[in-house]
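Novice: Sequence:
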Amino acid sequence: MSQSTIISLRDIVVEFDGERVLEGLDLDIHDKEFVTFLGPSGCGKTTTLRIIGGFVAPKEGDVFFEGKRINDLPPYKRQVNTVFQRYALFPHLNVFENVAFGLKIQKLPEKEIRPRVLEMLELVGLKGFEKRGVNQLSGGQQQRVAIARALVNHPKVLLLDEPLGALDLKLRKEMQIELKKIQQSLGITFIYVTHDQEEALTMSDTVVVMKDGDIQQIGTPEDIYNEPQNAFVADFIGESNIVPGIMKKDFLVEFAGREFECVDSGFAPMEQVDVVVRPEDIKVVPTIAGHITGIVENVTFKGVHFEMEVSACGSRWLIHSTQSEAVGSAIGMVIGPEDIHIMKKMEE
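If you count by my numbering, then the sequence shown holds residues 79 to 426, one letter each, in order.
Derived from the structure by calculation, the hints contain no laboratory data.
Be careful, since some hints might not be right.
[Stated by the list, open to error] The calculated lysine-lysine pairs, modelled on DSS-like cross-linking and capped at a C-alpha distance of 25 Å, are:
1. K259 <-> K110
2. K251 <-> K380
3. K248 <-> K259
4. K209 <-> K182
5. K327 <-> K422
6. K234 <-> K205
7. K209 <-> K110
Please take these sequences and the hints and turn them into a complete structure.
Specialist: Next comes the structure, spelled out in structure tokens:
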């Protein structure tokens, strides 16, 4: 994957009505990368997207595109196109005319417009839909028209602001795969905003996790899931058990009333930490063989596994297992060194 930087944000500060939305944000986005901004609503992810698109001007800081400062460049002059959650298609134009709209504004000759529009419609799976009115299309098809309309201008970067939010689950999943395919076949940078963890993990090369206008972690989906940098990321990216612990020394942590070997080091002796254990990493065994014993409070069948809520050592634990245990029964829990992730305590 090419690693040349296409967009750089430096010390970006944004305030709305005196309230800071972005706190001195620094970020590099690489060419041909599928990058997702992920976080709860109000974390600043859409604002960051709009800074790149030119719809919001930062109070402080600089936006660079291929090394050139573009703070003062209006949106239509940036080599960036945006697909919003509301597709804003022109209802009086058919599919072909909607996609061709930007090219006509650029006054390109008809003989150049037609093949480009048809190529884009084929790419988004709408070959043969040219003459349809957009109101005759399903939500997913309208979404594809909006994407084709953005891509036909050959932008270097496509910005997508929760574009699948209005679609039902099955269609969303199909469109996630579709978008990743389109991005790979065109080899352009996609910057995607979502609060849906699964969507971010499915599609992205790089995930940027945000909270309160700050970046919490940047990494591949695997890194972010398996090596979260703090309890917020761990909890946001998937269900986690997060319990207080004490780092006795390198590779030894105490939590739930006993000591465990772990693979983490670099903490101060006796430092208070957060211990993160994923529900699928806890092995259920007979009580006599367990590191911890607990009582099963609740069991839910999730299709692929059972989700059990277990109370143990004053904490509520979540366990995902292919075997179900009866509510009220006592179980043993085994947690291996590799399954324990130690985090610095989150500052409140």
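Novice: Taking the hints in turn, state whether each one holds.
Specialist: Results of checking the hints against the structure:
no. : hint          : verdict
1   : K259 <-> K110 : holds (12 Å)
2   : K251 <-> K380 : holds (18 Å)
3   : K248 <-> K259 : holds (17 Å)
4   : K209 <-> K182 : holds (17 Å)
5   : K327 <-> K422 : holds (14 Å)
6   : K234 <-> K205 : holds (24 Å)
7   : K209 <-> K110 : violated (32 Å)
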